[in-house]
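These protein sequences, in sequence, are chains E and L. Under the working numbering, the residues of the first sequence are numbered 1 to 470, in order. Under the working numbering, the residues of the second sequence are numbered 1 to 470, in order.
These are computed hints drawn from the structure, not numbers from a lab. The reader is advised that the hints may include incorrect statements.
Copies of the same chain look alike in the list, so a pair counts if it fits in one copy or across any two.
What the hints assert, rightly or not - Below, in silico cross-link-like pairs of lysine-lysine (DSBU-like), each with a Cα-Cα straight-line distance of 30 Å or less: (1) K428 / K346; (2) K38 / K318; (3) K318 / K296; (4) K66 / K420.
Chain by chain, the residues:
2 protein chains.
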Amino acid sequence: MIDISGTYTDQYQLTMGQVYFSKGEAEETAIFDYFFRKLPFEGGFAIFAGLETLLDYLQDFKFSDKDLEFLSTQNFSKEYLDYLKDFRFRGKIFSMKEGDVVFPGAPVVRVEANIIEAQIIETLLLNVLNFQTLIATKAARMAIQAKGSTLIDFGLRRAQGFGGYHASRAAIIGGFEATSNTRAGRDFHFPVSGTMAHSFIQSYENELDAFRDFAEIHPKNAILLVDTYDTLKSGIPNAIQVGKEMESRGEKLKGIRLDSGDLAYLARKSREMLDKAGLDYVKISVSNQLDEHLIKSLLDQEAPIDIFGVGTNLVTGKPDAALDGVYKLSLFKNKPRIKLSETIAKVTLPHRKQVYRLLDDSGNFLGADVVCVAGEGNPEMMYHPYDPLKFRFVGDVEKEELLSLVMEDQKRVHKETSIKEIKEFSKKRLEQLPTEYKRFFNPHIYKVGISGKLKDERNSLIEEHKNKRS
Amino acid sequence: MIDISGTYTDQYQLTMGQVYFSKGEAEETAIFDYFFRKLPFEGGFAIFAGLETLLDYLQDFKFSDKDLEFLSTQNFSKEYLDYLKDFRFRGKIFSMKEGDVVFPGAPVVRVEANIIEAQIIETLLLNVLNFQTLIATKAARMAIQAKGSTLIDFGLRRAQGFGGYHASRAAIIGGFEATSNTRAGRDFHFPVSGTMAHSFIQSYENELDAFRDFAEIHPKNAILLVDTYDTLKSGIPNAIQVGKEMESRGEKLKGIRLDSGDLAYLARKSREMLDKAGLDYVKISVSNQLDEHLIKSLLDQEAPIDIFGVGTNLVTGKPDAALDGVYKLSLFKNKPRIKLSETIAKVTLPHRKQVYRLLDDSGNFLGADVVCVAGEGNPEMMYHPYDPLKFRFVGDVEKEELLSLVMEDQKRVHKETSIKEIKEFSKKRLEQLPTEYKRFFNPHIYKVGISGKLKDERNSLIEEHKNKRS
Numbered sequence: 001m002i003d004i005s006g007t008y009t010d011q012y013q014l015t016m017g018q019v020y021f022s023k024g025e026a027e028e029t030a031i032f033d034y035f036f037r038k039l040p041f042e043g044g045f046a047i048f049a050g051l052e053t054l055l056d057y058l059q060d061f062k063f064s065d066k067d068l069e070f071l072s073t074q075n076f077s078k079e080y081l082d083y084l085k086d087f088r089f090r091g092k093i094f095s096m097k098e099g100d101v102v103f104p105g106a107p108v109v110r111v112e113a114n115i116i117e118a119q120i121i122e123t124l125l126l127n128v129l130n131f132q133t134l135i136a137t138k139a140a141r142m143a144i145q146a147k148g149s150t151l152i153d154f155g156l157r158r159a160q161g162f163g164g165y166h167a168s169r170a171a172i173i174g175g176f177e178a179t180s181n182t183r184a185g186r187d188f189h190f191p192v193s194g195t196m197a198h199s200f201i202q203s204y205e206n207e208l209d210a211f212r213d214f215a216e217i218h219p220k221n222a223i224l225l226v227d228t229y230d231t232l233k234s235g236i237p238n239a240i241q242v243g244k245e246m247e248s249r250g251e252k253l254k255g256i257r258l259d260s261g262d263l264a265y266l267a268r269k270s271r272e273m274l275d276k277a278g279l280d281y282v283k284i285s286v287s288n289q290l291d292e293h294l295i296k297s298l299l300d301q302e303a304p305i306d307i308f309g310v311g312t313n314l315v316t317g318k319p320d321a322a323l324d325g326v327y328k329l330s331l332f333k334n335k336p337r338i339k340l341s342e343t344i345a346k347v348t349l350p351h352r353k354q355v356y357r358l359l360d361d362s363g364n365f366l367g368a369d370v371v372c373v374a375g376e377g378n379p380e381m382m383y384h385p386y387d388p389l390k391f392r393f394v395g396d397v398e399k400e401e402l403l404s405l406v407m408e409d410q411k412r413v414h415k416e417t418s419i420k421e422i423k424e425f426s427k428k429r430l431e432q433l434p435t436e437y438k439r440f441f442n443p444h445i446y447k448v449g450i451s452g453k454l455k456d457e458r459n460s461l462i463e464e465h466k467n468k469r470s
Numbered sequence: 001m002i003d004i005s006g007t008y009t010d011q012y013q014l015t016m017g018q019v020y021f022s023k024g025e026a027e028e029t030a031i032f033d034y035f036f037r038k039l040p041f042e043g044g045f046a047i048f049a050g051l052e053t054l055l056d057y058l059q060d061f062k063f064s065d066k067d068l069e070f071l072s073t074q075n076f077s078k079e080y081l082d083y084l085k086d087f088r089f090r091g092k093i094f095s096m097k098e099g100d101v102v103f104p105g106a107p108v109v110r111v112e113a114n115i116i117e118a119q120i121i122e123t124l125l126l127n128v129l130n131f132q133t134l135i136a137t138k139a140a141r142m143a144i145q146a147k148g149s150t151l152i153d154f155g156l157r158r159a160q161g162f163g164g165y166h167a168s169r170a171a172i173i174g175g176f177e178a179t180s181n182t183r184a185g186r187d188f189h190f191p192v193s194g195t196m197a198h199s200f201i202q203s204y205e206n207e208l209d210a211f212r213d214f215a216e217i218h219p220k221n222a223i224l225l226v227d228t229y230d231t232l233k234s235g236i237p238n239a240i241q242v243g244k245e246m247e248s249r250g251e252k253l254k255g256i257r258l259d260s261g262d263l264a265y266l267a268r269k270s271r272e273m274l275d276k277a278g279l280d281y282v283k284i285s286v287s288n289q290l291d292e293h294l295i296k297s298l299l300d301q302e303a304p305i306d307i308f309g310v311g312t313n314l315v316t317g318k319p320d321a322a323l324d325g326v327y328k329l330s331l332f333k334n335k336p337r338i339k340l341s342e343t344i345a346k347v348t349l350p351h352r353k354q355v356y357r358l359l360d361d362s363g364n365f366l367g368a369d370v371v372c373v374a375g376e377g378n379p380e381m382m383y384h385p386y387d388p389l390k391f392r393f394v395g396d397v398e399k400e401e402l403l404s405l406v407m408e409d410q411k412r413v414h415k416e417t418s419i420k421e422i423k424e425f426s427k428k429r430l431e432q433l434p435t436e437y438k439r440f441f442n443p444h445i446y447k448v449g450i451s452g453k454l455k456d457e458r459n460s461l462i463e464e465h466k467n468k469r470s
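Generate coordinates for the entire structure from the input sequences, incorporating the hints supplied.
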């Protein structure tokens with residue numbers, strides 16, 4: 001079992017904390033930004049997910065007795081361990097809304113807290129947000145392709161261990177309708193779904209008896225798996241027979257599932273056979289190594305598929321194993337901070353920041369976010385973060401502020417947003433994003449620029465560090 | 001928080017369970033095999049991991065009140081819910097040893113239990129074993145390349161959510177020495193490690209003060225991160241200064257860490273500068289998107305690296321997101337069972353089975369495992385599972401039985417094996433595997449054959465099903 005407490009962190013957070021503590025800097029305020037540098041899946045957008053999960057854990061975040069006992073073996077001072085005994089996350093969290101479409105370079109979350117608090121929660125924050133954002137994005141890509149068809153998460157068995165728990169949550173946010181993961185359904189309140197495995201068919205002397213028993217016991221929820229022996233010669237004929245028997249009892253067979261072979265061909269043939277038998281209401285569901293590209297290909301071929309069950313490629317975000325989200329110090333002791341790098345693209349943006357999204361006349365997204373110093377007001381100009389030749393007047397463009405306070409004094413500022421609300425918000429925001437950003441190949445690049453004030457602040461800090469060195 | 005209980009499963013396990021229960025088959029014994037079909041990473045072996053984790057969870061596996069409350073909303077019968085209230089896993093588990101080298105097609109775990117128990121634990125078993133085996137294999141690939149250098153797991157922040165917990169466990173089994181993951185260290189009893197992030201350096205007015213404070217507070221454990229501003233012009237000179245100051249106090253700087261840039265070049269230059277300053281004992285550690293190929297490349301270039309910190313590519317098993325392990329019914333009501341398929345390679349092996357590993361004269365692995373019907377005794381012949389032209393006499397070859405009873409009556413048969421023991425066993429077994437199976441490119445293919453008796457049993461079941469259909 002995993003409970004979230006103080007040791008759900010990287011050891012260096014605690015090691016640095018010891019130094020801040022010993023040097024009397026424990027109460028100094030720091031600001032950190034959470035952002036990522038590269039969109040996953042060579043796509044044009046990401047869906048931000050995991051915020052409510054994070055806030056849940058942060059509200060109760062403390063060191064357990066077991067944690068403190070372990071840490072007492074780790075070369076920390078007695079005084080510091082006493083400090084950790086009373087540790088709570090008492091800082092503020094500013095964030096974009098969970099479910100929003102988000103882009104590289106703009107802070108998605110801003111943490112303002114004393115330096116020890118801000119460091120200790122870093123690992124949990126990255127662990128939760130990187131993964132759920134990855135999976136919600138993957139799910140949204142599938143949902144865009146699935147059009148009207150239903151998507152169901154089948155991933156738990158191939159998920160990365162306990163990662164499967166939040167993968168199912170993120171899948172729902174990204175557009176899935178249900179999950180096979182009973183635990184996730186129980187805890188996050190969304191529909192769970194599941195009928196039978198091949199083993200069920202194998203456990204009977206013949207397929208027909210297996211179908212019959214299942215339909216008898218689950219008359220409202222019978223989706224028969226038809227490929228155990230031979231889909232078109234055995235599975236579908238037996239399913240039709242059971243479907244007709246159900247009709248004679250005033251019941252309706254819900255569907256059949258294909259889990260191997262050429263899904264486009266088998267779906268078409270199955271549809272023909274079912275329709276011919278008068279079972280045109282029986283739904284066809286498919287599974288077996290699906291991803292967004294296969295879903296697109298199947299529907300491009302006009303395969304008559306009603307339900308897609310997606311496993312491994314959904315819950316692991318294959319082929320991208322991780323979102324590259326980072327957490328960077330931007331202010332400490334009221335002084336803006338940067339991290340230099342050989343390439344200016346990796347120099348971090350200093351200061352307490354706000355992000356504005358540009359809107360077009362109809363309220364849709366214009367295709368750019370502007371990162372500003374918080375409090376500087378509506379930015380007039382947007383600059384490319386490191387190409388000095390690229391800038392644009394945006395003073396007359398409608399804008400939306402993206403970061404707002406979501407947590408302070410160990411509590412959410414508003415009541416918890418439900419998965420359903422997050423899912424609906426996400427869908428709406430994706431609709432506001434022009435279609436060119438949503439295509440698979442060479443999607444339009446959404447711009448993230450910076451304000452003049454932020455550019456100047458950053459450049460003067462770069463100068464300062466250069467002078468110090470020379 | 002995640003606690004492992006009955007709803008940590010796929011809904012269809014419960015749906016099928018309802019049918020078995022209603023049809024009076026709840027007490028019928030089933031045998032399922034856990035095996036995988038494809039080695040990850042295009043490699044020549046896998047390291048089996050996760051068994052002790054699984055046994056821990058199975059010992060206490062039951063439905064909580066919260067589980068039962070949720071399931072009462074899911075169209076199950078009152079009688080079945082009462083049955084689930086008393087549910088325990090009372091079956092037997094036979095398994096290969098955790099840490100062993102394992103290969104596609106041979107059963108790694110065999111579960112014998114009543115059909116409902118065997119189905120309900122399927123998802124947990126696959127979720128735990130697939131993931132830890134993937135990561136232990138990835139870690140072992142890195143350990144083979146790292147030769148004498150130390151490997152440390154830095155992955156938690158980029159792990160797939162809570163998957164990071166067991167990823168750290170599996171990394172240790174595969175050959176890592178320590179982890180940054182404090183929680184995993186606490187629970188699994190292996191060394192945790194961590195010093196400082198860039199934010200620590202940024203929080204100071206200058207790098208030298210940051211290094212000095214850290215060395216003062218952690219004199220025995222100072223690994224200074226030298227790339228925040230400029231590795232060779234600022235980081236290393238400041239580290240040398242602090243190292244000399246430590247010497248004057250009778251202390252020793254432990255190491256420096258490089259986290260960006262050309263690691264081979266910077267390691268060499270850093271080594272030169274440190275040695276010239278008399279700090280030849282200061283270790284060089286590196287991190288930044290490492291994997292087994294980069295580790296090999298760095299050491300092929302003779303980069304003087306003592307410690308590798310590996311994150312994302314370790315804990316997510318990138319580029320392979322999942323091991324394709326499956327769980328197939330092989331016997332029910334004392335009758336062997338198979339699942340047919342269009343291709344014979346995917347037809348499952350029926351019956352209660354045992355696996356023998358062939359050994360050479362010196363006790364090393366000959367390069368083949370033979371799958372037999374349990375109890376048939378030492379197999380005389382080994383057949384290719386589906387190429388009838390390939391077989392071999394193995395009656396005179398030394399063999400080792402791989403599957404043994406590890407759990408019955410809700411308890412481990414032996415006491416829990418420690419991570420340290422598993423890690424040492426794994427290392428020894430990898431040494432017994434000839435080197436051709438361990439290389440990266442076109443590794444030798446380890447053979448998994450079947451006995452004559454098993455081949456005949458399978459073929460007659462295939463015939464039986466064909467006759468039934470025609």
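Taking the hints in turn, this is what the structure says about them:
1. K428 / K346: Answer is neither: 32 Å inside a copy and 44 Å across each miss the 30 Å cutoff.
2. K38 / K318: both (16 Å within a copy, 17 Å between copies)
3. K318 / K296: both (16 Å within a copy, 25 Å between copies)
4. K66 / K420: Between copies, since 21 Å is at most 30 Å while 36 Å is not.
Going down the numbered hints, you'll see the structure goes against just number 1.
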